[in-house]
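Take the two lone chains and join them into the complex the hints point to.
These are the residues of each chain, in order.
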Amino acid sequence: KNQVEQSPQSLIILEGKNCTLQCNYTVSPFSNLRWYKQDTGRGPVSLTIMTFSENTKSNGRYTATLDADTKQSSLHITASQLSDSASYICVVSGPTGANNLFFGTGTRLTVIP
Amino acid sequence: GAGVSQTPSNKVTEKGKYVELRCDPISGHTALYWYRQSLGQGPEFLIYFQGTGAADDSGLPNDRFFAVRPEGSVSTLKIQRTERGDSAVYLCASSSNPYGDTQYFGPGTRLTVL
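Heads up: the sequence lines are chains P and H, in that order. This note's numbering numbers the first residue of the first sequence as 2 and each following residue consecutively. This note's numbering numbers the first residue of the second sequence as -7 and each following residue consecutively.
Read the hints as simulated data drawn from the structure, not as lab findings. Keep in mind the model is a prediction, meaning the values are calculated, not measured. Check before you lean on any hint, since a few could be wrong.
[Said to hold, decoys possible] Derived, one-sided and incomplete: chain H residues facing chain P with beta-carbon distance under 7 Å: (1) Gly34; (2) Pro35; (3) Thr94; (4) Phe97; (5) Gly98; (6) Pro99; (7) Gly100.
[Claimed, not checked] Here's a subset of chain P near chain H, in silico, CB distances under 7 Å, partners left out: (8) Arg43; (9) Gly44; (10) Pro45; (11) Ser47; (12) Ile90; (13) Phe104; (14) Gly105; (15) Thr106; (16) Gly107.
Where is the CB? At the ideal position from N, CA and C, for every residue including glycine.
Pulled out of the complex, with its shape left as it was, chain H reads as follows (with noise of 0.2 Å):
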């Protein structure tokens, strides 16, 4: 069956702007992340989602940014502002369920903010 895919691959913005990243998880998958990829760095935890709702948003760096699941399948990370600093690789990941489960990563989006 068809893995994780995000859209765009790549999507470049001005600062100040307002985007949207969007996750469609392995199917049946209940358990949705978000990470944030720096070069040369390993992804850094976002949020995750258990069903619909977000069970850690701890790492969301600021209220720029703000993540929604509403029927517990596709997930959509928004970023209000955008600021140079937020340009990165955004990775989605799924799992069928968070305890000790494998995550099958997406390929990520490239977010470039001019």
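Isolated chain P, as found in the complex (with noise of 0.2 Å):
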């Protein structure tokens, strides 16, 4: 079983509207959360990054939270636009750091006009 399981799998929202994806997982104990984007054939980039004492990180139209208690995440984009459509995907570092990343499958945004 994945360490790291997000949802929806996919999501088509119009432009403009607000979106929440989710990230659940099971690593413990662990280092830190990221979100990742990742346009269609490109690397992933880095959104935003928080350690276990972190609830909440934004950058730009993109906020992330995170409740380490119940080992959830989320991540909320706001004012959505068409240039958001790509995958978002959770990654859970564990103990020893970045050579110890738990990817998540990602979720499929879509953004249209």
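Listed below in structure tokens is the structure:
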């Protein structure tokens, strides 16, 4: 069983709308949780990074939350744009850091005009 | 400065052939990672280098896969006797250190084994 589960698998929203992507993990202990954006045909790009003591982190229209007690994270996208269409991958680092990463399978977001 | 680059961007080969995939990390980054990503899936860890040495190669699926980083910078992923199941995007990432630092990914090499 994957230690990082994401939902929904895919999502289609209208331009300008908000959306929230979910990430549940079982990795324990963990050192940090990252959200990456991966455009089609490109490598993932880091959006946010949170340690276990952080509850929220923003990067422009992207806001990530973390509940280390329930092992849940969310990525909220505000006022979506067509360029937000991409896969969003939740990545949890195990105790040894960046060489011990657990990747979710991603949520495929499509923003339509 | 330049990001992580990978060559070739696409590689088509026949079953049984040998391929080499190259990764140029961000200058000064000591940690380098190789991942494999199948369609609709997240990246799957293959191998991690700290400097010139493979610190963790536990993700390599079998002995047909091998990677080197002889001078602690450029890395080459080598796949012998390719199989159709090897078809995937091979991603390389680098970070300035392996302890909690962000990994910067290259654009990947799309390998297709016919």
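Status of the proline 45 (chain P) interface restraint (C-beta, 7 Å, chain H): holds (5 Å)
Given hint glycine 98 (chain H) near chain P, where the shortest CB pair must fall under 7 Å: holds (5 Å)
Chain H contact restraint for isoleucine 90 (chain P) - C-beta distance below 7 Å: Holds, because the Cβ-Cβ distance from isoleucine 90 (chain P) to chain H comes to roughly 5 Å (cut-off 7 Å).
Hint validity - threonine 94 (chain H) Cβ closer than 7 Å to any chain P Cβ: Given a least distance of 5 Å, the restraint on threonine 94 (chain H) holds.
Closest C-beta approach of phenylalanine 97 (chain H) to chain P relative to 7 Å, hint status: Since the shortest Cβ distance to chain P is 3 Å, the answer is holds.
Satisfaction of the proline 99 (chain H) interface hint, Cβ to chain P closer than 7 Å: holds (5 Å)
Per-residue hint verdict: arginine 43 (chain P), partner chain H, C-beta under 7 Å: The hint holds - arginine 43 (chain P) has a Cβ within 7 Å of chain H, the shortest such distance being about 5 Å.
Status of the phenylalanine 104 (chain P) interface restraint (C-beta, 7 Å, chain H): holds (3 Å)
Hint status (Cβ of serine 47 (chain P) to nearest Cβ of chain H, threshold 7 Å): holds (5 Å)
Restraint outcome when threonine 106 (chain P) is required to lie within 7 Å of chain H by C-beta distance: holds (5 Å)
Glycine 105 (chain P) as an interface hint toward chain H, with CB separation required under 7 Å: Holds - the Cβ of glycine 105 (chain P) comes within 7 Å of chain H, reaching about 5 Å at its closest.
Interface hint status, glycine 44 (chain P) versus chain H (Cβ within 7 Å): Because about 3 Å separates glycine 44 (chain P) from the closest Cβ in chain H, which is inside the 7 Å limit, the hint holds.
Violated hints are absent here; each numbered hint is respected by the structure.
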